[in-house]
Each structure stands twice: as structure tokens, then as C-alpha cells.
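**Q** Count along the sequence shown starting at 1, add 5, and that's the number in the numbering used here.
No wet-lab data here; the hints were simulated from the structure. Remember, it's a predicted structure, so these values are computed and weren't measured experimentally. Cβ atoms here follow ideal geometry from the backbone N, Cα and C, with glycine treated the same way. Treat the hints with care, since some could be wrong.
Stated by the list, open to error - Label pairs and their in silico Cβ distance ranges: (1) Gly85 x Gln30: 14 to 22 angstroms; (2) Pro29 x Cys103: 15 to 23 angstroms; (3) Lys98 x Ala63: 31 to 39 angstroms; (4) Gly101 x Val64: 13 to 21 angstroms; (5) Ala45 x Gly101: 26 to 34 angstroms; (6) Gln37 x Lys98: 29 to 37 angstroms; (7) Gly101 x Asp50: 16 to 24 angstroms; (8) Glu102 x Ala45: 26 to 34 angstroms; (9) Thr93 x Ala45: 26 to 34 angstroms; (10) Thr93 x Lys47: 28 to 36 angstroms; (11) Gln37 x Ala63: 12 to 20 angstroms; (12) Gln37 x Asp90: 26 to 34 angstroms; (13) Asp90 x Lys47: 12 to 20 angstroms.
Stated by the list, open to error - Only pairs whose alpha carbons sit at most 30 angstroms apart, straight line, appear in this in silico DSS-like list of lysine-lysine: (14) Lys80 x Lys98; (15) Lys47 x Lys98; (16) Lys83 x Lys47; (17) Lys80 x Lys47; (18) Lys98 x Lys83.
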Amino acid sequence: MMKIILAALLLLAMMPFSANAQTPQTADDYIQAAFDLADAGKYDDAMINYQRAIDASAVGSCDRGHAEAGLTAAKAAKEGETFLDVLTRESGKLPGECLI
6 MMKIILAALL LLAMMPFSAN AQTPQTADDY IQAAFDLADA GKYDDAMINY QRAIDASAVG
66 SCDRGHAEAG LTAAKAAKEG ETFLDVLTRE SGKLPGECLI
């Protein structure tokens, strides 16, 4: 029984810990947060998160392409265009392996 408890504690110690799991950590996290904000009509906050996703991703990566498309869509939505229409159009310009 003691070995099981020690093994469980060892596994817990090896797992990454985040004090606040809701804070975006990766480009993908920022993209999801930005999309949710844009969907709620909070385009300025969405643009900030899309820019953070761009900053957190490699040039030419799919995440960067999605973030750039989202940033363009959020800017256009702020000017009165429909966010999802622009996002769909911009995402369609991405390479095939990045399409979701």
C-alpha cells in the first residue's frame, strides 16, 4: 500500500502545475481566448489575444496563420463586417495542412 501511495505522489510531482489554468499559455490558448472574445463582440480584447498568439508562434506555423486570420477578422468586425465571414475568408487562404 505504501508503494502505491509513493508512486502516486511521484506521478503528481512530475505533472506540470499551473496556479491558474485559465490563463492562456500557448498560441493555441490565445487563439481560443481571442475567438471567444470576438464571438462575444469584444474585438479590442480579441485583437490583443490574437497578437499574443502571433508573438507566441513560429513564422509560417499554422497557429500563426490562424492568429493572423483572426486578427484581420477582429479588425474588420470592429469596422462593421461580420467576424465569422471574414475569418472564414481569411482562413481559406491558409495552406491545406492548416485548414481545420
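**Q** Look at each hint and say if it fits the structure.
**A** To see whether the hints hold, each was checked on the structure:
no. : hint                               : in the structure
1   : Gly85 x Gln30: 14 to 22 angstroms  : violated (33 angstroms)
2   : Pro29 x Cys103: 15 to 23 angstroms : holds (20 angstroms)
3   : Lys98 x Ala63: 31 to 39 angstroms  : violated (18 angstroms)
4   : Gly101 x Val64: 13 to 21 angstroms : holds (19 angstroms)
5   : Ala45 x Gly101: 26 to 34 angstroms : holds (30 angstroms)
6   : Gln37 x Lys98: 29 to 37 angstroms  : violated (21 angstroms)
7   : Gly101 x Asp50: 16 to 24 angstroms : violated (31 angstroms)
8   : Glu102 x Ala45: 26 to 34 angstroms : holds (30 angstroms)
9   : Thr93 x Ala45: 26 to 34 angstroms  : violated (18 angstroms)
10  : Thr93 x Lys47: 28 to 36 angstroms  : violated (20 angstroms)
11  : Gln37 x Ala63: 12 to 20 angstroms  : holds (18 angstroms)
12  : Gln37 x Asp90: 26 to 34 angstroms  : violated (20 angstroms)
13  : Asp90 x Lys47: 12 to 20 angstroms  : holds (18 angstroms)
14  : Lys80 x Lys98                      : holds (17 angstroms)
15  : Lys47 x Lys98                      : holds (25 angstroms)
16  : Lys83 x Lys47                      : holds (9 angstroms)
17  : Lys80 x Lys47                      : holds (11 angstroms)
18  : Lys98 x Lys83                      : holds (21 angstroms)
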